[in-house]
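Take each chain as given, in its own frame, and dock them per the hints.
This is what each chain is made of:
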Amino acid sequence: MVKHYEISGTDFANAGEASSDFKAMLKKIGVPTDVIRKVSIAMYEAEINTVIHGQGGYCDAELQPDRVIITFTDNGPGIEDIERAMQAGYSTATDEIRNLGFGAGMGLPNIKKYTDDMQIESEVGKGTTVVLTIKLFK
Amino acid sequence: MKVSELAKALELRLISAEGYEDREVTGCYIGDLLSWVMGRAEPGDAWITIMSNINIAAVASLADTACVILAEGVVPDPGVKEKCDMQDIIVLGSDKTAYELAAGYARLT
Ligand SMILES: Nc1ncnc2c1ncn2[C@@H]1O[C@H](COP(=O)(O)OP(=O)(O)OP(=O)(O)O)[C@@H](O)[C@H]1O
Ligand SMILES: [Mg+2]
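As they're listed, the protein sequences go chains A and B. Residues 1 to 138 (our numbering) are what the first sequence spells out, left to right. Residues 139 to 247 (our numbering) are what the second sequence spells out, left to right.
Next comes chain B alone, as it looks inside the complex (with noise of 0.2 Å):
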């Protein structure tokens, strides 16, 4: 599935630049530690989260993650949004719970 197909199945909001949606998402991680999030996420994953800080982009990146959904109505911090544009790095948002999130992905595989 590609990332424009879950965030319009999920409602998702596209916090980062347009571009990249065509990315595949091949499964799902939830986490906010961040080392448990290295350790475990899977390249490809789309990662839910409520962290908000600039950290997120450097694990999402080097874990190779598909995009970060940003839960329960968390927007960015400052800054955030530009790193991720940098390094490609899509970020979604929207106000369901990591929950509801993980279950929606699961209903669509």
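Just chain A, with the same shape it has in the complex (with noise of 0.2 Å):
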């Protein structure tokens, strides 16, 4: 089962509607609660990312027999440097958003903690694309 989702790269009201929505549907399923709770953090923050450094863009979100698959493509500037920005604390988020309360650095690290499998790819001034895998069973 796929599910597509558009990301605005403006509308802070609804950033995490995607996480909420696929949230949701994972438990009408009856996934396990802890891989709902890996699987909405690491979605979140990576809904986030989109749309605060990456103008927005698309969200497909995959279940598989055992496991989630989810993929964020946008055309945003794209990450430079992927192994600094994977660092805790390293963030280029404006006063303006820190002020929202993000910016805090930790949003990579999270994804990378709560997920099986990450992979970044970003070229500067093209858009980046994550990928993301949990596992439905240990």
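I should point out that these hints are in silico values taken from the structure, not numbers from a laboratory. It is possible that part of the hints are untrue.
To be verified - Label-pair restraints from in silico Cβ distances:
hint	chain 1	residue 1	chain 2	residue 2	range
1	B	T164	A	G89	26 to 36 Å
2	A	Q64	B	E149	46 to 56 Å
3	A	G30	B	Y158	17 to 27 Å
4	B	G157	A	M25	16 to 26 Å
5	A	H4	B	Q225	14 to 24 Å
Source: prediction; values computed, not measured. Where is the CB? At the ideal position from N, CA and C, for every residue including glycine.
Shown next, in the form of structure tokens:
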């Protein structure tokens, strides 16, 4: 099963809608709560990054028999140094964004922590694709 | 402990709609940086914050906190209460500091 979501790059009020919707679907299907928790945290962080850094894009969230695979794609500015971006505390968020509670530089570390696999592909000036994999079973 | 018991003991104001205060509180987390809250708050925590913007709704819902307690007399921004009500998120308010609220919670457990 695949769910497709468009993610606005300006609509902060609805940031998190995709994650909320996919979480509700997993809950309905009866996916274990600890798996749902991991998906929710990782997906929200990636979704927010797509909004605030990636200037919007889209997300495809797929439930496979043994795993969840979620892809976020944007045509934003890209990430120059992925290794540095992955470091806890590193953030390029503006003051305006920080005032909303973002910009701790913990989003990508959270994604790493709560997924079984995370792949980032990015090209400066072109955009960023983030692929998250979370296994349903140990 | 139920949210209603916590609210009564700490004299919290109920900001969101009534009807969900039976929910169990099993812990407490203080934080205003949303990624810290996402990564560190446990399901069932009472989340104490001074953040008042719309994003607290998504975080509270996705992190499965038992309730949000706005400290220091902070009131939610316009539209936040409505969004929280739609998602069954309990929002409480207090003039106490985050420290006083957490210490109050600790005394109850
Ligand atoms: N989709 C993206 N497009 C461009 N840059 C990105 C993208 N995602 C992340 N980044 C870059 O990586 C940095 C670190 O991201 P991370 O999510 O860890 O922290 P943050 O978003 O700045 O703060 P937080 O997630 O704690 O609110 C960002 O500040 C930004 O520079
Ligand atoms: Mg982030």
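Against the structure, the hints:
Hint check: T164 of chain B to G89 of chain A, Cβ distance near 29 Å, so the stated range 26 to 36 Å holds. As the Cβ distance of Q64 of chain A to E149 of chain B is approximately 49 Å, the hint placing it in 46 to 56 Å holds. The given range of 17 to 27 Å is respected by G30 of chain A and Y158 of chain B, whose C-beta atoms sit roughly 23 Å from each other. The hint said 16 to 26 Å for the Cβ distance between G157 of chain B and M25 of chain A, and at roughly 25 Å that hint holds.
In this structure the hint that H4 of chain A and Q225 of chain B lie 14 to 24 Å apart at CB holds, the actual value being about 22 Å.
The earlier numbered hints are all upheld by this structure, with none contradicted.
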